[in-house]
Amino acid sequence: MNQESYQHENSLMHAMRTGQWTKELRAHVSECSRCKETEMASRFMNSVAQSFNRDNAFPDPGRIWLKSRVVNQDQLEERAMSPIILAQAAVKYGLSAMLLFLIVQAWSVVEAAIHRGLNWIQTALLASSMEGPLGYITMPAFALMLLVLLSLFLQPRLRQLIGI
Amino acid sequence: LEETAFRSFYYRTVAALRSYLRMLARDCSLADDFLQESYLRFLKAGIANLNEFQMKSYLYKIAISVANDHWRSKKRDCRSHINCAGNEPSINPNTSHEIGELFDKLDLRQQSLLWLAHVEGFRHDEITKMLGLKKQSVRVLLFRARQELALLLKQEGLGPREQR
Numbered sequence: 011m012n013q014e015s016y017q018h019e020n021s022l023m024h025a026m027r028t029g030q031w032t033k034e035l036r037a038h039v040s041e042c043s044r045c046k047e048t049e050m051a052s053r054f055m056n057s058v059a060q061s062f063n064r065d066n067a068f069p070d071p072g073r074i075w076l077k078s079r080v081v082n083q084d085q086l087e088e089r090a091m092s093p094i095i096l097a098q099a100a101v102k103y104g105l106s107a108m109l110l111f112l113i114v115q116a117w118s119v120v121e122a123a124i125h126r127g128l129n130w131i132q133t134a135l136l137a138s139s140m141e142g143p144l145g146y147i148t149m150p151a152f153a154l155m156l157l158v159l160l161s162l163f164l165q166p167r168l169r170q171l172i173g174i
Numbered sequence: 241l242e243e244t245a246f247r248s249f250y251y252r253t254v255a256a257l258r259s260y261l262r263m264l265a266r267d268c269s270l271a272d273d274f275l276q277e278s279y280l281r282f283l284k285a286g287i288a289n290l291n292e293f294q295m296k297s298y299l300y301k302i303a304i305s306v307a308n309d310h311w312r313s314k315k316r317d318c319r320s321h322i323n324c325a326g327n328e329p330s331i332n333p334n335t336s337h338e339i340g341e342l343f344d345k346l347d348l349r350q351q352s353l354l355w356l357a358h359v360e361g362f363r364h365d366e367i368t369k370m371l372g373l374k375k376q377s378v379r380v381l382l383f384r385a386r387q388e389l390a391l392l393l394k395q396e397g398l399g400p401r402e403q404r
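These protein sequence lines map, in sequence, to chains A and B.
All residue numbers in the first sequence are consecutive under our numbering, ending with 174.
All residue numbers in the second sequence are consecutive under our numbering, ending with 404.
Okay, chain A solo, but in the shape it has when bound (with noise of 0.2 Å):
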């Protein structure tokens, strides 16, 4: 299909949308092969587009407008939100990361703690003719323990999923 065709159906199409034509163009669809399956295509498509069209109950414009400005109003609230969210989590995960960092650091003292808690419920638990499980505690089991708790508290969702 070369340039000078290309024009003439450029042409062509106009003037079928516009039913403008000149008698130049009407003689050259005439003699041309390509313009004529060209005229014939748009005439066909035409009727296609109307057959497609059968009635004129359109969505109201008003309720798109309505439903655009709503999402638009939640997507800037959660473009404001999102820094604030951002922070919280940058605090709660700073903070417990410290907690973690002053147990370890500290563990001799948690430790004595721990064991001087174990041991009056053990001797609670003996007073009371039961047998007690609680033996000793190492550091990595609590710190797991700790983190388990920690994370149950810092996470709504994980929350939410076990139901608490």
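It cannot be assumed that every hint is accurate.
[Said to hold, decoys possible] Label pairs and their calculated CB-CB ranges:
{"hint": "1", "chain 1": "B", "residue 1": "A245", "chain 2": "A", "residue 2": "L86", "range": "38 to 44 Å"}
{"hint": "2", "chain 1": "B", "residue 1": "K314", "chain 2": "A", "residue 2": "S43", "range": "49 to 55 Å"}
{"hint": "3", "chain 1": "A", "residue 1": "I124", "chain 2": "B", "residue 2": "G286", "range": "56 to 62 Å"}
{"hint": "4", "chain 1": "B", "residue 1": "Q376", "chain 2": "A", "residue 2": "D65", "range": "35 to 41 Å"}
{"hint": "5", "chain 1": "B", "residue 1": "G286", "chain 2": "A", "residue 2": "V114", "range": "22 to 28 Å"}
{"hint": "6", "chain 1": "B", "residue 1": "Q376", "chain 2": "A", "residue 2": "S161", "range": "43 to 49 Å"}
These aren't lab readings, by the way, just hints derived from the structure by calculation.
Given the structure is predicted, the values throughout are model-derived calculations rather than measurements.
Heads up, the beta-carbon is just placed ideally off N, CA and C, and yes, glycines get one too.
Keeping the supplied structure of chain A fixed, place chain B upon it in accordance with the hints.
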């Protein structure tokens, strides 16, 4: 875009866009869903400084993308996508029987190309952007689609010679 400007643009474009979407979707309610989603995305894009024709072109690009997204999310066969050639013909319940049957002998990409060029009057570069094709290939594909349509019309006795 202000609400009044949007309403006016909506009423100028909705009939043609809905017909096109009905042709694509082959389902009136699905076409209406596509229509509303297209206008919503159009408003969300918040376009400015575009003339009427550019806005219309952008709207159609969005509409095609909405339809393709839908089919992708439904994991339908590639044949349903506009950019995939060679889909099986299907009878459109909204189209008058003879025209519909003839039109459905073209594949979906050919139907789209002919519609956008001959019904909507979009230029090749605009169709290129809408359908994600190369500019040169639009010209060739449109030429072939027209030839195929002309052949089909001739076979049905509706060719140029029979018309004149």
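Those earlier numbered hints the structure runs against, lowest number first: Of the numbered hints given earlier, those the structure breaks are 1, 2, 5, 6, listed in rising order.
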